[in-house]
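For reference, the chains in residue letters:
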Amino acid sequence: MLPESKPLQNLDYSVLQQCMHCGMCLPTCPTYAQTGRERHSPRGRIALMRAVADGELSLTNTFAEEMNYCLGCLACTTACPAGVDYTTLFEAARAQTEEERVLATPRRQALRWLTMRVLFTRPRLLRAVGRLLRLYQATGLQTFLRRARLTRLLPRRIRELELLTPQIRSNFSHQLIASIEQPHDGIVRHRVLVLTGCMQDLMFSEINRATVDVLIENGCEVHTPPVQYCCGSLHAHNGDRATATLLARRQLDSIDPAMFDAIISNAGGCGSHLRHYDVLLAHDPTYAARAREWSRKLRDIHEWLVAIGFRRPQLPVASGPREMVTYHESCHLCHGQRISRQPRDILRALPGMELRECAEASWCCGSAGVYNLVHPKTAGWLLERKVSHLRQTEATIVATANPGCHLQLANGLRQAGESTRVIHPIILLAQAYRSEKQPKPPQA
Amino acid sequence: MNSSDCDPVADALCRILGPTRVLTAPEELAVYAYDGTAALKQRPRIVARARTTQEVAAVLKVAREYRAAVVTRGSGTGLSGGSVPVPGAIVLCLVDMDRILEVDLRNLTMRVEAGVVTHQLYEAADAVGLFYPPDPGSMRISTIGGNVAENSGGLRGLKYGVTRDYVIGLEVVLADGTICWLGGKCVKDVAGYNLRDLFIGSEGTLGVITQVMLKLIPRPQARRTVLAVFPKMDAAAEAVSAIIAAKIIPCTLEFLDRRTIHCVEAFAHIGLPLDAEAVLLIETDGHPSAVADEIAQIEHICLAHAATSVKRAADAAEAAQLATARRSAFSALARLKPTTILEDATVPRSELANMIRFIAQTAEKFRLEVATFGHFGDGNLHPTFLTNERDTEEMHRVEAAMSEIFDYAISLGGTITGEHGVGLAKKRFLRRQLGDGSYELLKSIKRALDPEHLLNPGKIFD
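First to last, the sequence lines map onto chains A and B.
The first sequence stops at residue 444 when you use the numbering used here, and every number in between is there.
The second sequence stops at residue 462 when you use the numbering used here, and every number in between is there.
Note that these hints are calculated values from the structure, not bench results.
What you are looking at is a predicted structure, and each value in this text was computed from that prediction instead of being measured.
Possibly wrong hints are sitting among the right ones.
To be verified - A few chain B residues facing chain A, derived, Cβ under 10 Å: (1) A25; (2) A30; (3) Y32; (4) Y34; (5) K41; (6) T77; (7) H119; (8) V264.
As the list claims (entries may be wrong) - Some chain A residues flagged as far from chain B (calculated, every beta-carbon gap over 12 Å): (9) Q142; (10) H174; (11) R191.
Claimed, not checked - What the simulated footprint calls covered on chain B by chain A, stretch by stretch (three residues with Cβ under 8 Å from a Cβ of chain A suffice, anywhere in the stretch; the number is not a length): (12) 132-144; (13) 321-331; (14) 334-346.
Just so it is clear, CB atoms sit at the ideal spot from N, CA and C, and this is done for glycine as well.
Bound-form chain A, shown alone (with noise of 0.2 Å):
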């Protein structure tokens, strides 16, 4: 276990320092332009944790909601000149207050405690309680309660919440993917492992399979263990460094990253934690030349591809007239990960698609993890400006590359009576490269 107390006094008090205050990142960050109150701007975020780490300020429960309102969406990174590391700080605070249980009720340390420490530390646990959710959704049990309107028993909050909850697929990763597929012409070029997370493995195992299709039809051979521990994020975003340790540590230990060229994540979220490995395990004597090997070779999928020089597919998806596709940037993959033109890039690349910019493609859409459930009013207002910005595009494909953004678009796109579809990126390229395989279509 690393020292746990005082994550904010004990950081390198450099850290904090970098920021100059000069107020560049206030007007990329969604709460302030919902505010305009200092306290809600990354600046003023930081101002308060200098302040718990100076002594100057005791450790409130408004500098716990205020460090909980943060969306963690880092559009401050991109847009500091200074470089200040808000991930750092941001995890040091939540960490902090969690550790000091500033907010602490029985309730939500029950509902902590059974989701991160429980749930999301147990692949198998996670998708056998997927296969639950599945056949409640599957067997019409689910239709049946909404039918019959039993669902309004559920308090308030529970009903809202079930009307979240996302399709569970019938079959996860593990039941599409081989543990090891080679390229179709036997010619291994690179040699890749492929991470399928957790929401991406229960609600979109299709994306893991069309990642695994573009991967072979690129000369890698893919790697993809059937059973693969949660990658921490979570844990780290939600104050509980510990279990977020422990997660990268057994990670490590069921990957040897020596093994692979390159490690690919397609989930903006989950990579913008996995490339920090090297960070989060620096002072573990055990671990930390691994995770620097690891964070060395982390990819998000569309890097990987651009990278090595992906093949453009000759053929268009579908026949008829072109049609318009938008990207909104998973904050993660674009503020985390700084990947933003990749995904672009191939997109371009689709024949009989158009790419069309969204304006503020690069703002959060209020997903933010569990932000939606926390925050529904911030998040509700950052999804219906998202949408109004997606509907002017006139697009008919929202791509985006995060299942949480993925899910926040599908409902707001859904709610607003919009029949734009979401779709990954790299499912689109999947689709391009199946379509050259199968025989023409009749000329009209």
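Position chain B relative to chain A; hints supplied.
Chain B alone, transformed into the frame defined by chain A:
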């Protein structure tokens, strides 16, 4: 309002503004303790957020009744401590006064509330083919009220001047709560003293600016930008002199030294040359044929003065990227050291080369790291000392170096501040520059307008 409910001033303000617009909790006050200036911090007593001129007037009356100081604030991006609170102050925050009230296409004017963000009014003008030229580095977040109070400059100062040159009318609230309009839409207007200009650059010490009427100009039809790379600072300075001597006034003529180039490139990744001693960012605008002619001449002059490369921005997006990168220079320097003490000593253009040499010598003499960038075209330099506020001994050396730099700038006929204002950061040096006569005149104006010293007291002078 969360705590200190017994503060009578807070109570009185709550009655005017409502409880959600009066902030007294320690978590709220801690974040209004600073502006964009390094190493200055003072928590206020209360933060009051007004939405209308009438509310501002009412707040000032309360302040007067309780003899509480008022520090007016926009987005808090100032660089001389102008909006850093004084002890016991009410911070009067105007960011909620953010409406564009009128765009008058027949008179080419725009009337806005003080809390409108500069870039937003720039865009509103641009949308109708008009142009608001002043573009301070912080324009994406700074408010027009703050720009007027500090008389902010920017990258386009060389050709287009500064904020003052575009303000034709102001609504101000005086210390006693009186609301006045100064100036208006007339191009010519000599009725009475020019009080409007008195408030421009007054740093919140004479009254509170609540509305601004701006003069707009037609948007230039064409713009071209070049980036010229120099192996030596002197060569860059000579190229600038030659451009001016050739009677070309580019709208922007910026330079970055080696350290600044490295920091900006680390942030912006736009391919700045890391082996250069200096780069010039030059933009010319106007009629397309004039622009084509000027940019060719500028390129020729740069090459004739030993530029190793001269690269034209391919399109408007690339030009904007270069300008944005330049605007990030000050903040980007914080990558090197935690505290960046930024100055804006300004000299007549002809003295630039001397000034730059002196800055380098002074930094060496005091064993300090300095990075210099700035507006080469108008002689406005930004020597920035890279230090650590926790290193008291080094901070003393920074002070000493600054003092010598200011003395030298004054001796060359320059000024201690070109565009950031005096505020707290430079008030020790003001008398040296102004001399006793005009220094005392400033103070007597202050006494006349704010006899009780309630408006941003202790700024500019004690």
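*Sort out which numbered hints this structure fails and list those numbers smallest first.*
Per hint list: zero violations.
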